[in-house]
Structure formats: C-alpha cells, structure tokens
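Here is how the chains run, residue by residue.
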Amino acid sequence: MQYELLHAGTNAIVHVALKHGEKIKAEAGAMVAKSKSLQITGRMWGGLGGAFKRSLLGGETFFFQEITAENGDGEVLIAPAVPGDVRVLPITDGKDFFIQNGCLLAAFDDIVLDTKAQRLTAGLFSGAGLFVLHVGGFGHVVISAFGAIMEVPVPAGDEYMIDNGHVVAWSGDMEYHVVKAGRGWLSSVTSGEGLACKFHGPGKVWIQTRNPRAFGAWIRRFVPGRGGLFSIFG
Amino acid sequence: MSTFQIRKYSPGSADANSVSVCVEGDLLKVVDSGETIALDDLDLDVGGHLGDRIKLRSRSTGLLLVVEDLGLLEALAAGREDYPLTSKARDAHKRLTTLPRARRNYWLKATAGAAAAVAVLYFAIDLSAAMIINHIDPQMEAQLGRIIANTERLDSTSSEAKRVQTIGTKLVSHLEKSRYKFHFFVEDDEVLNAYAAPGGYVIVNSGLVKQAETDDELAGVIAHEIGHVINRDTLKKMGHSAGLLILVGLVTSTGIGGTDAQRLADALQLGTNLESLSYSRAQETSADLTGLHLVVKAGYDGEGLISFFQRLNKEHKTGDSKLLGLLSTHPMSSERIARIRAELARLKKTESQS
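Keeping their order, the protein sequence lines are chains A and B. For the first sequence, the numbering used here begins at 1 and goes up steadily by one. For the second sequence, the numbering used here begins at 235 and goes up steadily by one.
Keep in mind that the hints are not guaranteed to be accurate.
Calculated pairs, DSSO-like style, for lysine-lysine (alpha carbon to alpha carbon, straight line, at most 27 Å) [said to hold, decoys possible]:
1. B:K263 to B:K404
2. B:K411 to A:K116
3. B:K396 to B:K531
4. B:K404 to B:K322
5. B:K343 to A:K198
6. B:K531 to B:K583
7. B:K404 to A:K116
8. B:K322 to B:K411
9. B:K404 to A:K180
10. A:K19 to A:K34
These are computed hints drawn from the structure, not numbers from a lab.
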C-alpha cells in the first residue's frame with residue numbers, strides 16, 4: 001500500500017494505492033473517488049458497542065467504510081468534509097495518539113481504535129470534548145483539521161501552551177492541563193484568549209491553524225436572522 | 235529474566251524509539267544496545283494523558299523511558315530497600331492497579347455532582363421564574379393572555395358562550411379583590427376541556443358546555459379555571475417551561491441562538507397548546523379550593539364539579555380517549571373528592587357559625 005498527500009493545505013486529499021487484497025478504513029462519506037477493482041463495505045468498527053461509543057461519545061460517524069482491493073490493484077481518493085489540511089501519522093514502536101472528536105479521517109493496517117473519557121476539566125474546557133479517540137496498534141492514521149495542521153514537538157521536561165479549540169491530536173505519553181491563557185483571569189479574559197491547554201512533553205501535538213467555534217461565531221454575524229431590527233443591517 | 239518493550243526518548247527529543255529493557259541487579263539494561271543505567275540514577279513518575287504511563291528519567295543523562303507494562307514496575311519494586319526507586323515503584327504499582335476503580339469513582343462523583351447541579355438549576359428555574367413574574371403587571375399579563383389565547387378565533391356570541399359568560403361573571407363578582415378583568419369564551423371543540431390564559435381569560439370547549447346539565451356543574455369547571463388565573467398558574471408554568479428549555483440547552487451545550495432562539499420563542503408561545511399545559515398537584519389543589527370558595531359564595535352547589543366529573547366518567551368510560559380531555563388530565567380521584575368535600579364542609583360550618 002502506498003499513500004500520497006495531494007493539494008496539501010486547505011483542499012488536501014489523500015491518494016491511496018492498494019495492492020490486491022489490501023484494505024483501508026475511512027470515515028463514512030470520505031471517499032471522493034475510487035477505481036473499479038475496489039469494493040466499499042459499511043462496517044461498525046469495534047462492533048456495535050464500539051460504533052456506539054465512537055458516534056455518540058467521540059463525534060465520529062456510526063459506520064466506517066472499509067475499502068478493499070477485492071478484484072485487483074486499485075486506488076482511492078479520500079478527503080474530509082471541511083476545508084482543511086490532512087496529515088498521515090505513522091503508528092509504530094508502541095506509540096499511541098489521542099485524536100479530537102471528528103478529526104479521524106482514515107486508518108491503514110492494524111490500527112486499534114477506542115474512545116476514552118478525559119478528565120472533566122479537560123473535557124469541558126479544552127475544546128477537544130469530553131470523549132476523545134485513542135489510536136494504537138500498528139499502521140497509519142489520517143487526521144483532518146480546520147485550517148492547516150502544524151506539528152509541534154515537545155521534548156521531555158518542556159511544556160507548550162495551545163489555545164483551546166486548536167488541538168487536533170497529541171501523543172499518548174503527554175499530559176495536558178487546562179489553564180488560564182494569561183497571567184491572571186483578567187488578562188486571560190481581556191486578551192481574548194481565555195483558557196488554553198498546557199501540554200507537557202515528551203511527545204508531539206498537532207494543532208489546527210483555525211478554530212472552528214471562533215469561525216462559526218464570526219460567520220454568524222453575517223447570517224441574516226429571523227426578522228428583528230438588526231437583521232436589516234446584515 | 236523478563237524483558238519489557240519501552241519507548242526511549244533521548245534528551246531534547248520529542249520522538250521515541252522502541253527498545254527492550256530488563257532489570258539486572260542494580261542496573262536497567264537496554265537489551266539491544268547493551269547500554270545500562272544505574273537504578274539509583276532513575277526518577278520514577280506516573281503520567282501520560284490517562285495517567286497510565288510509567289516514566290523513568292535518568293538524572294545524569296536526561297534519558298526518558300516510558301512504558302505501560304506493570305511487569306517492569308514489579309521488577310523495580312523487588313529492588314534494594316534503600317533505593318528510593320524501590321518504594322516509588324511499589325507506590326506506582328499500587329496506584330496503577332487501582333486506576334480503573336479510581337476512574338470509576340471519579341466519574342461516579344462527577345455524575346453525582348452534575349446531577350446535583352442540574353437539580354439546583356431546576357429548582358432555581360422556578361425561583362427565577364417567580365421573581366420575573368412578580369414584575370409582570372396585570373396590564374402586561376392581560377396583553378400576553380389575549381395574544382396567547384388568540385381570542386379572535388373564540389366564540390363570545392353563541393348561546394353556549396352567553397351561558398359561560400353569565401356564570402363566569404356571577405362567579406367573579408364575588409371575588410373580594412381582583413387585579414384582573416375577566417373574559418369568558420367558548421372554543422368550538424368537542425374535547426371535554428377548559429383552560430385559562432394569563433390575565434383573566436377563561437376558555438371552555440363547546441363539548442364540555444353541552445355536557446353540563448346544570449349551571450352548578452359548569453360553574454365548578456369555570457371557577458376552577460378562575461382559580462388558575464388568580465394564582466397565575468399559567469404564567470408560572472410557561473416561565474418554568476421556558477426556563478427548562480434554557481436548562482436543557484445549557485446541559486446539552488446547544489446554546490441559545492439561531493434556531494434555538496426560535497425554539498425558545500415557540501416554548502413561550504405555549505398558548506397555542508395551552509390546553510395541554512399540565513399544572514403541579516399543588517396548583518391543581520389550590521385552583522380546586524379557590525374555585526370552590528367562589529362557587530359557594532356565588533350560590534352554586536359546591537358538589538357540582540364532583541357530580542359533573544363522576545357523571546362524565548360513567549358516560550364516557552368506553553369512549554374515545556381523545557375526547558376525554560379534562561377527565562384524563564384532571565381525574566376526579568378519591569383524594570380530590572375528599573379534599574373538596576372536606577373544604578365544603580368547613581365552609582358550611584363557618585357560614586353556619588357566622
């Protein structure tokens with residue numbers, strides 16, 4: 001199996017070339033195009049319980065699609081629904097990652113997927129949600145984000161602060177806490193940053209350059225409401 | 235000798251290599267490279283996102299080894315007693331083996347805390363609604379009631395409507411002091427029901443009016459609804475429902491805005507479904523007793539409401555449940571009958587004594 005990231009950036013798409021018999025898993029609806037030799041099957045990854053956990057708690061779709069090169073070699077293109085970058089993360093050497101709700105696009109090889117509950121403060125205030133996806137095993141996972149994806153290495157003993165809402169994925173060996181972004185509460189609020197996630201190494205964090213919630217709040221200002229005085233001002 | 239697969243982070247690196255290690259006497263040995271680290275050079279900590287990672291850091295080299303395998307902890311815990319690492323390994327082992335239970339307890343407490351917070355908010359809704367309602371003056375309440383009841387579509391001219399108005403006017407003339415100007419209407423509907431809107435609007439369905447054989451029976455129903463108006467029950471219920479919507483929105487993080495604001499507006503316009511508003515038991519009892527006082531003062535038979543319901547129940551036992559309306563939402567239970575009769579007896583006794 002070989003994969004290639006095309007049009008990296010806002011309109012990224014992953015091209016996967018499969019040999020006869022190979023297969024990949026992708027989020028429902030992620031397939032853009034495929035060759036004739038590939039078959040698509042809807043599956044509940046991890047059985048009914050796993051599928052429920054992922055969809056109800058992890059923000060993923062209930063069904064995943066399994067794309068198999070049943071009738072010979074073939075290729076498939078997969079892409080996320082939102083404009084944003086895509087990154088392929090290798091999972092080797094016993095590594096594992098946590099991925100934010102809705103950011104897992106696809107997985108190749110023997111990836112083990114589960115849904116884990118974060119601590120209450122992290123879940124409520126980190127922007128990543130109460131339940132996150134935990135991936136391990138051996139293979140590759142494809143993550144997608146809103147905006148571009150930046151990989152930030154954080155060595156042991158070091159720490160890195162990331163605004164909540166911008167975290168996409170992080171190494172399982174890291175810890176993070178939700179903290180005030182500024183020196184005090186007043187600075188945190190007046191700076192507009194509020195709360196942030198402080199990650200402690202070792203490991204890597206993948207961040208998205210745009211915050212979906214902030215974008216939604218911004219665009220709502222331009223969406224006409226259902227009548228009322230202020231709607232005439234656009 | 236057991237080997238353990240661990241992740242090795244070199245100083246300053248955020249990337250790990252997978253290596254095998256084993257414990258040999260006072261040394262931790264990297265099997266692949268032969269590299270050794272003295273056990274008394276290692277600091278041990280538990281970390282990772284889920285608190286399930288064992289982290290061993292070399293004080294001299296800054297090397298970091300991360301593993302989840304409790305077997306390594308057991309090997310380290312069997313080391314020299316004078317090494318701090320040995321006791322730390324035992325503590326970490328105990329902590330990690332009880333981690334699943336600790337997590338369960340954490341979530342039990344969190345769920346209990348959240349449930350308690352929701353319960354407090356729920357009761358605060360009524361308190362807040364009551365405070366807000368206190369600031370709604372009778373004029374505003376009447377305007378609200380007129381809009382919600384949509385009086386333009388109601389009947390105020392037919393013989394049924396005149397009958398209801400005559401009885402209603404007679405009842406309210408015996409109110410000692412009322413902040414409302416009452417209006418009585420009939421709604422063209424066969425369902426046996428009656429309801430009240432804020433500000434003095436009482437509506438009786440035509441089906442119920444036709445079933446009332448005597449004015450005493452109809453007076454009991456109208457007086458009950460007058461009781462709801464005087465006690466501002468409809469307004470309180472609407473405030474409670476609107477507050478509940480906000481609470482559900484907060485709890486489910488749906489927020490208020492956009493389509494949720496429309497849902498809130500819909501909830502506030504409960505007048506389109508006033509007939510299905512259900513009051514609390516306390517509100518129903520209060521309306522019964524307030525209505526009974528009016529019925530008796532106006533000279534109607536206090537047993538009218540009871541006999542009316544009992545007769546309707548008997549006649550419509552096997553009838554269409556949809557038409558039962560008031561009978562199904564306000565059943566004349568034995569407790570309700572006992573309460574009304576007890577109050578009636580008390581009123582008669584008071585009247586005879588005076």
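Worksheet item: Which hint numbers does the structure go against, in order from smallest to largest?
Response: 1, 2, 4, 7, 8, 9
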